[in-house]
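> Letter by letter, the chains look like this.
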Amino acid sequence: MERKKLESAAANYSYLRGLFSIPLGSLCIVAALGNWGLGPLRHAWIFIAAALVLGAACLPINRYYNEHYGRVTPSTRQQSRAFVATIIAVAVMVGGSFLLRSRASWSLDLPVNPIAASFGLLMLAYYAIVVGLRTHHVVIWGGLLVAGLLPVWSGADPSNIGLVLAGVAAMTNGILDHRLLVRTFEPSKDLGVENSDAGT
Amino acid sequence: MPERSDEPILDRLIHEPGRLAILTVLSSVSDADFVFLQRTTGLTKGNLSSHLTKLEDAGLVEISKRFINRRPNTNVALTPVGRQRTAHHWDQLERLKGLSQTSDE
Numbered sequence: 001m002e003r004k005k006l007e008s009a010a011a012n013y014s015y016l017r018g019l020f021s022i023p024l025g026s027l028c029i030v031a032a033l034g035n036w037g038l039g040p041l042r043h044a045w046i047f048i049a050a051a052l053v054l055g056a057a058c059l060p061i062n063r064y065y066n067e068h069y070g071r072v073t074p075s076t077r078q079q080s081r082a083f084v085a086t087i088i089a090v091a092v093m094v095g096g097s098f099l100l101r102s103r104a105s106w107s108l109d110l111p112v113n114p115i116a117a118s119f120g121l122l123m124l125a126y127y128a129i130v131v132g133l134r135t136h137h138v139v140i141w142g143g144l145l146v147a148g149l150l151p152v153w154s155g156a157d158p159s160n161i162g163l164v165l166a167g168v169a170a171m172t173n174g175i176l177d178h179r180l181l182v183r184t185f186e187p188s189k190d191l192g193v194e195n196s197d198a199g200t
Numbered sequence: 001m002p003e004r005s006d007e008p009i010l011d012r013l014i015h016e017p018g019r020l021a022i023l024t025v026l027s028s029v030s031d032a033d034f035v036f037l038q039r040t041t042g043l044t045k046g047n048l049s050s051h052l053t054k055l056e057d058a059g060l061v062e063i064s065k066r067f068i069n070r071r072p073n074t075n076v077a078l079t080p081v082g083r084q085r086t087a088h089h090w091d092q093l094e095r096l097k098g099l100s101q102t103s104d105e
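Chain order of the listed sequences is P and L.
Quick note on numbering: our numbering labels position 1 of the first sequence as 1, and the sequence is numbered without any gaps.
Quick note on numbering: our numbering labels position 22 of the second sequence as 22, and the sequence is numbered without any gaps.
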């Protein structure tokens with residue numbers, strides 16, 4: 001019996017439900033398209049409606065995970081780590097974006113993509129703290145970080161392209177997280193939705 | 001012959017692989033439902049149900065039944081005693097492993 005494998009599978013389950021990243025990534029892309037004023041997305045209310053639709057899409061995803069993989073409450077320690085990681089993530093995202101390139105007087109004003117770089121960094125930090133880095137996390141978020149830091153982003157504000165890159169990265173990472181979860185939790189022989197519960 | 005107090009003693013109730021898997025999973029979360037335990041341990045419904053009954057009777061887990069979206073849901077959590085005994089059992093296994101490695105050398 002592999003103790004560590006069982007413990008980490010249970011502890012990481014909540015954070016590997018990657019299908020949630022698809023509406024989240026879509027929201028980043030919709031925000032970028034809205035900022036560019038493309039088609040109907042130039043209206044603010046369309047973005048709000050799209051955000052609500054994407055938020056509603058999380059409900060069937062949540063139901064799918066609950067019915068097929070079960071419900072679990074992470075340990076207090078795991079929840080604290082996730083909370084700390086979220087605080088760090090927000091600080092890195094906001095602080096990093098302003099520091100790398102913004103109109104603030106203290107900004108370094110570098111020819112980088114601040115959204116892509118800071119989002120890549122924060123996601124690397126988040127996964128390192130909460131779940132433990134896997135190869136696809138390093139490739140996707142490390143790739144986004146490197147792409148954002150390449151000195152090729154001079155000229156117009158590249159934030160919207162950064163949002164699109166972050167959205168695509170989030171969706172790709174989510175699909176791979178979900179694949180990892182499916183591999184980790186092999187179905188047992190008599191598990192089915194009709195068997196979603198059993199008395200003891 | 002009396003047992004030496006420093007010798008590892010394995011808890012027979014916990015040592016059964018299915019039950020040890022259940023307790024190990026529960027020791028890394030606050031609580032989990034039946035489906036999650038089935039997924040993580042790979043046990044069949046009947047086996048899991050039977051193991052949980054034994055663990056509940058021994059006071060190692062606490063089982064609560066509820067309805068979520070009109071469907072029955074069985075939630076399981078370790079009791080403080082269960083958490084302590086599981087950790088102790090793993091410590092004993094580690095000691096045994098250490099002893100066997102020492103005797104090999």
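Mixed in with the good hints there might be a few duds.
Below, computed lysine to any residue pairings styled on SDA-like, alpha-carbon distance capped at 25 angstroms [what the hints assert, rightly or not]:
id	chain 1	residue 1	chain 2	residue 2
1	L	Lys45	P	Glu7
2	P	Lys5	P	Leu52
3	L	Lys65	P	Thr76
4	L	Lys45	L	Leu99
5	P	Lys4	L	Ser49
6	L	Lys54	P	Leu24
7	L	Lys45	L	Phe67
8	L	Lys45	P	Thr76
9	P	Lys4	L	Lys65
10	P	Lys5	L	Phe67
11	P	Lys5	L	Arg85
12	P	Lys4	L	Pro17
Sample of chain P residues with no beta-carbon within 12 angstroms of chain L, all distances over it, derived [as the list claims (entries may be wrong)]:
id	residue
13	Arg3
14	Ala9
15	Ala31
16	Ile48
17	Val72
18	Val139
19	Arg179
20	Leu181
If you anchor each label on the Cβ, the simulated ranges turn out as follows [as the list claims (entries may be wrong)]:
id	chain 1	residue 1	chain 2	residue 2	range
21	P	Ser75	L	Ile68	16 to 26 angstroms
22	P	Ala128	L	Val81	28 to 38 angstroms
23	P	Leu52	L	Ser49	38 to 48 angstroms
Everything labelled a hint here was simulated from the structure, so no lab data went into it.
Glycine included, C-beta positions come from ideal geometry on N, C-alpha and C.
> Straight-line Cα separation of Lys45(L) and Thr76(P) no greater than 25 angstroms?
violated (28 angstroms)
> Under the criterion that the straight-line Cα-Cα distance not exceed 25 angstroms, is the pair Lys5(P), Leu52(P) satisfied?
violated (37 angstroms)
> Does Lys65(L) pair with Thr76(P) here, judged by a C-alpha cut-off of 25 angstroms?
Holds, because 22 angstroms separates the two Cα atoms, which is no more than 25 angstroms.
> Say whether it holds or is violated: Arg3(P) keeps its Cβ farther than 12 angstroms from all Cβ of chain L.
violated (6 angstroms)
> Minimum C-beta separation from Ala31(P) to chain L exceeding 12 angstroms: can you confirm that?
holds (32 angstroms)
> Does the structure keep Lys5(P) and Phe67(L) at a Cα separation of 25 angstroms or less?
violated (31 angstroms)
> Quick check: does the Cβ-Cβ distance between Ala128(P) and Val81(L) fall within 28 to 38 angstroms?
With Cβ atoms ~35 angstroms apart, the hint holds.
> Taking 25 angstroms as the top limit, are the C-alpha atoms of Lys4(P) and Ser49(L) close enough?
Roughly 24 angstroms between the alpha carbons, so the hint for Lys4(P) and Ser49(L) holds.
> Would the least Cβ to Cβ distance between Leu181(P) and chain L come out above 12 angstroms?
Non-interface label fails for Leu181(P): nearest chain L Cβ at 10 angstroms, not farther than 12 angstroms.
> Regarding the pair Lys5(P) and Arg85(L), is the alpha-carbon distance no greater than 25 angstroms?
holds (20 angstroms)
> With 16 to 26 angstroms as the target window, see if Ser75(P) and Ile68(L) comply at their CB atoms.
holds (21 angstroms)
> Taking 38 to 48 angstroms as the hint, is the beta-carbon distance of Leu52(P) and Ser49(L) inside that range?
holds (41 angstroms)
Checked against the numbered hints above, the structure breaks hints 2, 4, 6, 8, 9, 10, 13, 14, 17 and 20 and satisfies the rest.
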